[in-house]
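Undergrad: Take the given structure of chain D and dock chain H to it, following the hints.
Residue numbers (the working numbering), protein chains in the order written: chain D, -1 to 239; chain H, 842 to 1195.
I should point out that these hints are in silico values taken from the structure, not numbers from a laboratory.
Just so it is clear, the structure is predicted and the values come from calculations on it, not from any experiment.
Each residue gets a CB set at the ideal place from its N, CA and C atoms; glycine is no exception.
Computed footprint of chain D on chain H; a stretch qualifies when at least three of its residues, placed anywhere within it, have a C-beta under 8 Å from a C-beta of chain D: (1) 1025 to 1033; (2) 1133 to 1142.
One-sided and incomplete, this derived list gives chain D residues near chain H with beta-carbon spacing under 7 Å: (3) 64; (4) 106; (5) 115; (6) 118; (7) 221.
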Amino acid sequence: MLRSTPTAALLALSWLLAPAARAQEPTPVGSEWSGVREYRPSEERFTAELGLGAYRPSLGPAFDDAFGGDLGPLLHLELDVHLFRIPYLGAVALGGAFGWVEWTGAATVVSGGATNVGSTGMSLLPMALLAVLRIDALARELDIPFVLSGKIGADLGYFQTGTAGTLDAEGWSVGLRWAAQIGLELDFLERRAANRLDQEWGINHSLIYVELLGSTMGRMGGNMLPLGADLAWHAGLQLTF
Amino acid sequence: MTRHALLPSTCLALAMLLRPSLSEAQMTATYLAYGARGAPGTSSNTYFVNWPVSLSECAANAPVEVQLQNAPLAVGTSLTFALWRSSGGGTSPTQCQMGANRSGANPPCTRVETFAQPMLTAVNQLVSIPPQVFFDADCSRSGDLVFFLMAMSSPTDIASDVPASNFVTLRIALDREAPGAPTVSDGAGDASTTVSWTNPSDTGTLYGARLYVDTGGTCGSGDGGAADSTLRPGGPPPSTATVTVTGGSPTSASVNLSTLGLDYGESVPVAVTLVDLARNESVLSNVACLTRVQVEGFWSAYCRENGLSGEECRARYGGCSASPRARSRGLLAALVFVALGVLGRRALRTRGGA
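Extracted from the complex, chain D is given alone in its bound form (with noise of 0.2 Å):
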């Protein structure tokens, strides 16, 4: 189709200069693609993710007699910087993540007998600064619409638990975070919508994602609460423009 634009160009000037005529001669085959241009997908810079998991710090018997089986939930932000591609491969990004999570249960009286005498919460914000490797060779060169991921650094947690409306106590703890992911891209349901997408909004491709990490925040010593995870996830949409 490239090859012929220059024919189609032309067909279209002498249609544009011969106005008269234009009623009466046949449209040439041809020239009413002459005003579609080739999609070139537009750069990816950057990759935003909202999602909700679940997150349980590693905090022993008293958590869980506390909170029981409470997950949270997690609501979970991420914004990845792209700074360059390595060929065939994918993308190397820096990425910020903020995250908030609660988990709530009942107070118990020590000598025990009275009964609703109030609750315990615990909040955390984990926050993140990470190095992500995500690989989009799959679905750039072999049409497979999967993209994965791995990240890694540096994790940062804020967190403040109370009981009956008293705070007990509000501190921070650090450590390392890693994570993988595995995205579905959503471009093969409607090629041509995330191609319109990507030419209107600079969106250049959506996913479905859902990421595994572990954090060892507040276990790698010093007089931290270890807020940290084994296993923790969460799942959502996910962005590259």
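TA: Then chain H, alone, in the frame of chain D:
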């Protein structure tokens, strides 16, 4: 004639035009306060809605303060102020300024009080009227009542109509009925606890509730295991409430147990009364018990599990005030996010320029 010469005569003409309406201004009244209650600043026609007088307030005869404005002093000192009561209440009172409504065998308007001269010495003046003037000396005249305070040439004049500039409507109510007593449940907590109760179904809108804690009483040591307390179910409330809550339909209140001087395991009797909009207070509810118990949440359980006291735990893991080291970590995190934002913006600008 210059423009400057014209101006005074124009003003004079305007003043002449306005003068009759000023002299005929309607007298108005605003309730400023009732006894020890605050100043409602309410128009006399809506006083009943939110500020009925209670039976105890009427019995105490603490004066109702009414701000009169545009009182008809200019007519002369021969005017006598009299209070007339309309037989029609609520929103359609009988208009007592009409002479016909004050005359006849059983007139719909009756004279309640004639005030001694001089009642007013200024056009705008605060007037104090004892509530028993409105509701009788035994406070027996209850309900939503409408009165007319009228400046008349003679208090016995039942023939002539009173002009609008010479009367004001005073709508006021006496609420003799106190609300029913609530039913209170026992409460327990550490530093504080929430006392809950159930209100009777016919209480209507309330002013609030009062909690009475008998710190000298004990629970479960009286007859039949009842509270040994000066608080008696159905009895009169003490003079001072421990906690007062306001609201149209209160059903709970927070009590600070540590300030009551309770140790862990100790209990005190508590009772509640309801107060209606007129400030009528119900009798005491049943007597319940408040017990101070040692409540454990996640933090104390975690510290105990690790063999640490609460203080040691806070010192180790952060405490209630973030340490300088913790603050610097927070600052570091903020800087990282700002840096990411700048990087992102720069990348966007590069893209826009390309």
